[in-house]
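Colleague: Given next are the chains, with one letter for each unit.
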Amino acid sequence: MSIDWVTVLAQIANFLVLVWLLKRFLYKPILNGIDSREAEIAEQMGEAARAQQKAEAAEVDFVTQKQQLLADQTALEAQVRQEAEQKRNALLVEARETLEQERLDLQAHLAREQKRFTTELYKASAETLYQLASRALRDLADERLEARIALHVISQLAPPLSEELAAAASNAQGAVVTTHAPLPEDARQEVEAALQGLVPGLSLRFATDDSQSPGMVLRIGSIQLDWTVDSYTDELVGLLEERLASGESSRVHNYGG
Amino acid sequence: MQLTPDETTVFTLWGLCINETVVNTWILMALLTGASILVTRRLRPDVPPNRWRTTLEVIVTGIQRQIEEISPQSSRHVLYFSGTLFLFIALSNLLLVVPGFTPPTASLSTTAALALAVLIAVPLFGITQQGIRGYLRTYIQPSVIMLPFNIISEFSRGISLAIRLYGNVMSGAVIAGILLGVAPFFFPVVMDVLGLLTGLIQAYIFAILATVYISSATAIVKKPENKEEDQLQMQPLLRPFPSSLRD
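Protein sequences, first through last, are from chains A and B. Numbering-wise, this note's numbering puts 48 at position 48 of the first sequence, and it's gapless, one number per residue. Numbering-wise, this note's numbering puts 1204 at position 204 of the second sequence, and it's gapless, one number per residue.
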């Protein structure tokens, strides 16, 4: 057992060379690789942390937006419901107004129909009454109703009416006698004679008017003298209404009894 | 019986006798360097490590972790030095099982060279860390009376390192040779397996002791103000040294 100092020196040199070689080809590459990998992992962890923070921020933003949307949706629903309620109420009011207007229109139409019917009824009643009265007068007294009406009108030509008619005739161009049906010739002559006696030279004209009630109307200027069956018709209507009213009440009374 | 490969001359170069120890050392260097180059030649961060690179990373980080346990503030130069010591001695002892290969560590010249390297490296690391005055001041700590004892301790470290490693490796080889003559079929295999384990342990002990010496030399000792602080400052020097390894 001995120490060869040349070998010792050679081994020291070999060891130092080996230290350098392993530092160059083993330790540095391995440690640098580990460091770079750790740095890369740290960077990736940092990126992951940033991504996680970003995702959490996005989640918070999403939740906020979702809540905002839900709130907006709720508000919109409430607004839509309120508008629908208002629209419904408006439509109901409009429908009620329309119904009321239609009811009023119907009532007005019924009133108009009733009035028209009443008017026609009155007219028919007047004509019927005139015809019945004319027939009764002809059968009983051999007189014509038109002639008697003309005589009745002529009989009214007494002062002070005759003076007013004479004054009116001075300003008028002529007199007009209007009847519902053509006046008989003898009646015309009597009317003409009476008026000529009152206002000599008065121009007289006879006319017929279907819309006019049976009778005779004499117009001289602004003065009118007439006799129609309107008053009788009114009295007839009054009697009929009175009779109908009493019958209706008695019928109601009977129902009630 | 040949006890050291220094006596076997392989060839002569420029008048120098190149013995088996040096040649085998070159073979070990070539193996370590070649393996390192092969594994780390295509080292890129974007390429995932393969099994060989992972093996080297485990070895290197294991050595680094052991060194950091002893000296947490050690530099990478300690890793280069102590790691190379461990890898060289471990591979040398592992190649004991190769027939016809005499490990360089079975030569007292090699172990003495490694011990001398440690003996030189310790003051170099110490001077680098704390300056030449700071390092020399450690020889007169705690008092000037301790100067000769510290110098004797420094040299005895190197001698003990060299003799311990040489004795263990050489004795293993000698015992295996003796048993090969006595019972050639069973005992040599068992002894070789035991020699592998012993060789790894010896490599670990040598590297750890070198690291402990370096860390004790690089530890900055502040001038204590009282005894309690003095004890606290000395604790880091004693802590990492395992009691089982003190011999």
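Derived from the structure by calculation, the hints contain no laboratory data. We treat Cβ as the ideally placed atom computed from N, Cα and C, and that holds for glycine. Misleading hints may appear alongside valid ones.
What the hints assert, rightly or not - Example chain B residues on the side facing chain A (calculated, C-beta under 8 Å, incomplete): (1) Trp1014; (2) Thr1040; (3) Leu1043; (4) Gly1062; (5) Ser1075; (6) Gly1083; (7) Thr1084; (8) Phe1088; (9) Leu1091; (10) Leu1108; (11) Thr1110; (12) Ala1117; (13) Leu1119.
Colleague: Does each hint hold? Answer for all of them.
Modeller: Structure-based check of each hint:
Interface hint at Trp1014 (chain B): violated, since its Cβ lies 13 Å from the closest Cβ of chain A, which is beyond the 8 Å cut-off. For Thr1040 (chain B), the interface hint holds, since its Cβ comes within 8 Å of a Cβ in chain A; the closest pair sits about 4 Å apart. At about 5 Å, the closest approach between the beta carbon of Leu1043 (chain B) and any beta carbon in chain A falls short of 8 Å, and the interface hint on this residue holds. At a threshold of 8 Å, the smallest CB-CB gap from Gly1062 (chain B) to chain A is about 12 Å, leaving the interface hint violated.
A hinted interface residue such as Ser1075 (chain B) counts as satisfied when its beta carbon comes closer than 8 Å to some beta carbon of chain A; here the least separation is about 12 Å, so the hint is violated. With a cut of 8 Å, the hint placing Gly1083 (chain B) at the interface with chain A holds, because the nearest CB-to-CB distance is about 7 Å. At its closest, the beta carbon of Thr1084 (chain B) sits 5 Å from a beta carbon of chain A; the interface hint therefore holds under the 8 Å criterion. About 6 Å separates the beta-carbon of Phe1088 (chain B) from the nearest beta-carbon of chain A, less than 8 Å, and the hint is met.
Interface restraint check for Leu1091 (chain B): the shortest CB-CB distance to chain A comes to about 10 Å, outside 8 Å, so the restraint is violated. Because the closest C-beta pair between Leu1108 (chain B) and chain A is about 5 Å apart, less than 8 Å, the hint holds. Evaluation of the Thr1110 (chain B) hint against chain A yields a held restraint, the C-beta minimum of about 5 Å falling below 8 Å. Interface restraint check: Ala1117 (chain B) against chain A, minimum CB-CB distance 5 Å, threshold 8 Å, status holds.
Given hint, Leu1119 (chain B) at the interface with chain A, is violated; its Cβ is 11 Å from that chain's nearest Cβ, farther than 8 Å.
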